[in-house]
Each structure stands twice: as structure tokens, then as C-alpha cells.
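**Student:** Sequence:
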Amino acid sequence: MTDGSYFAFKTVDWGSMGAATWETIWMTIVSMIVVAVLGILLGLLLFETTSSTNIGVKALNWVVSFLVNVFRSIPFIILIMLLLPITKNLVGTIIGPTAALPSLIVSAAPFYARMVELAFHEIDRGVIEAAEAMGAGRWQIVYKVLLPESMPALVSGATVTTISLIGYTAMAGAIGAGGLGNLAYIDGFQASNNTIVLVATVIIVIIVFAFQFIGDFLVRRIDKRTL
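So for the sequence shown, the UniProt record's numbering puts the first residue at 1; every next one is plus one.
These are calculated hints, taken from the structure and not from any lab test. Watch out, some of these pointers could steer you wrong.
[What the hints assert, rightly or not] So the derived label-pair ranges between C-beta atoms look like this: (1) K224 with A19: 38 to 44 Å; (2) V63 with V202: 40 to 46 Å; (3) I78 with Y6: 28 to 34 Å; (4) V63 with M134: 32 to 38 Å; (5) A136 with V37: 21 to 27 Å; (6) G126 with W22: 43 to 49 Å; (7) T50 with Y6: 49 to 55 Å; (8) V57 with G167: 34 to 40 Å; (9) K88 with G167: 21 to 27 Å.
[As the list claims (entries may be wrong)] Derived SDA-like pairs: lysine to any residue, alpha-carbon spacing no greater than 20 Å straight-line: (10) K88 with I77; (11) K224 with P148; (12) K224 with M151; (13) K144 with M134; (14) K144 with A133; (15) K58 with L44; (16) K224 with V127; (17) K88 with I105; (18) K10 with D187; (19) K58 with L118; (20) K224 with L118; (21) K224 with E149; (22) K144 with A36; (23) K88 with A174.
Beta carbons: idealized from backbone N, C-alpha and C, even for Gly.
With the hints as constraints, model all of the structure from the sequences given.
**Tutor:** Pasting the structure below:
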């Protein structure tokens, strides 16, 4: 192959490229919505049980923390293979964008949960104590103190997680999950077509930049320190 093979744009099926782009964006957005919900719930659970003196609560914290650490440690490509039977039972197939969702969610939720827990721990303890002194219940503190005060960090963490998910979708595509990763591997690498690999790479970079821009914009809008 020569350098010129990277620029043979007439060999690109732009319809397939557009469909693959949409699949990548769809997998990223859907999985990130679920990851955000699970990550916040897990992060809140870890935060709330960290300093408890109750043996049962401490055991719960240890179990959840252990599972979070385990799933964070498993390489994504191995996690996909590990979850194939579960994926088959959940969605009825191991091929296509929908089949990639369980692996994407399981891989990213623990990662985001740790970021959520850290964001909660960084909140000024005095703010929480002031809310408690005014008679706020635990759930009121969560909704009116923890979430609002940590929102810039939560959005920033969600942005980082989303970008990681885009990379995961590309890896999932290499084993049949669809999206730009699948197109780059099947129509690009296996067909020795460098142009398709290049175009898919450029589109993925643009998607990453777009999500990063949106995340940074939202952080600037909600961060009180930048007002």
C-alpha cells in the first residue's frame, strides 16, 4: 500500500459511512444516559456508606467498592467476550449496535461512579453541615446540596466518560457491534482500504471534539466560579 491509498476517496461508500457514524453516536448517547444514572447512584451509595460505623453498611460499601474496582480493571475487549452470554439473553443477539450496549454500560458505569464519589467528597463539609443544622433530611441534602454543588464535576466527569465510550464503541465494532469501528475494520483494514480507515478516524475525532466542546460549554455555564 502507498501513501496515496489514504486519499482514494472515490472508494468510500458515503452512505455506509453516514450510517456507521449514526450508529456510533447512537451507541454513545444511549449508553452514556444509562451510565450517568447508574454512575450517580453507585457513586452516591459509595459516598453515603464510606464513613458509616454500621457493620452491615460497611460490608455493603466494601462489596460495591470491590465490584466497581473489578469491572474497572477488566480490559474492554475481554469484558465484551465475558458478557457475550448475558448480552445474548438480554438483547437476543451478539451482533449490532444494540448488542454493544451491555458491555459499554458495564465498562463505563464503574469508572463514572468513582468520579461521582470523588466529586461528592470534594464538596465543602461545612455546606453539608449547614444544611443538616437547618433540619434538612438526607434526601434533601442529596438533591439540594450534593448534586447542585458537585454538578460541574459531574458534567466534566460525564464528558471524560463519554469520550472513553466513543473509543469503546470502536473496539466493539471490531467484533461486529457496528459503527465506525466495524466499518473501519471490515471495509477498511480487512479490505486493505486505508482511505476508509482514515475517514472513519477523522469522523471519530470530530465526534470526540464535539462532545468535548459541549461538555466544556455546560461546565462553564453551571460552574459558579466562572460567573
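**Student:** State for each hint whether it applies.
**Tutor:** Evaluation of the provided hints:
A beta carbon spacing of about 42 Å between K224 and A19 agrees with the range 38 to 44 Å that was offered as a hint. Checking the proposed 40 to 46 Å range against V63 and V202 shows it holds: the Cβ atoms sit about 44 Å from each other. A hinted range of 28 to 34 Å holds for the C-beta pair I78 and Y6, which are about 31 Å apart. Between V63 and M134 the C-beta distance comes to about 34 Å, which sits within the given range of 32 to 38 Å.
For the hinted restraint 21 to 27 Å between A136 and V37, the CB-CB distance of approximately 24 Å keeps it satisfied. The beta-carbon spacing between G126 and W22, approximately 47 Å, falls within the hinted interval of 43 to 49 Å. At about 51 Å, the beta-carbon gap between T50 and Y6 stays in the expected band of 49 to 55 Å. One distance hint, 34 to 40 Å for the beta-carbon pair V57 and G167, holds here, with the actual separation near 36 Å.
For K88 and G167, the Cβ-Cβ distance of about 24 Å falls inside the hinted range of 21 to 27 Å, so the restraint holds. Simply put, K88 and I77 have alpha-carbon atoms about 17 Å apart, close enough for the 20 Å limit, and the pair holds. Restraint check for K224 and P148: satisfied, since their Cα atoms lie roughly 10 Å apart, inside the 20 Å limit. Taking the CA atoms of K224 and M151, the gap is about 10 Å. The hint holds against a cut of 20 Å.
Restraint check: the Cα-Cα separation between K144 and M134 comes to about 12 Å, which is no more than 20 Å; the hinted pair holds. Between K144 and A133 the alpha-carbon distance is near 14 Å, which keeps this suggested pair within the 20 Å criterion. A hinted pair counts as satisfied when its Cα atoms are at most 20 Å apart, and K58 with L44 qualifies at roughly 14 Å. A distance of roughly 15 Å separates the Cα atoms of K224 and V127; the hinted pair therefore holds under the 20 Å criterion.
Among the hinted pairs, K88 with I105 is consistent with the structure: their alpha-carbon atoms are about 15 Å apart, no more than 20 Å. With a CA separation close to 14 Å, the supplied pair K10 and D187 stays within the 20 Å bound. Pair hint K58 plus L118 holds up; C-alpha atoms about 18 Å apart against a cutoff of 20 Å. Pair hint K224 plus L118 holds up; C-alpha atoms about 19 Å apart against a cutoff of 20 Å.
Restraint check for K224 and E149: the C-alpha separation of about 9 Å stays at or below 20 Å, so the hint holds. Proximity of K144 to A36 is assessed by CA-CA distance (about 19 Å); at most 20 Å being required, the pair is judged to hold. As the CA atoms of K88 and A174 are separated by approximately 18 Å, the hinted pair is consistent with the 20 Å bound.
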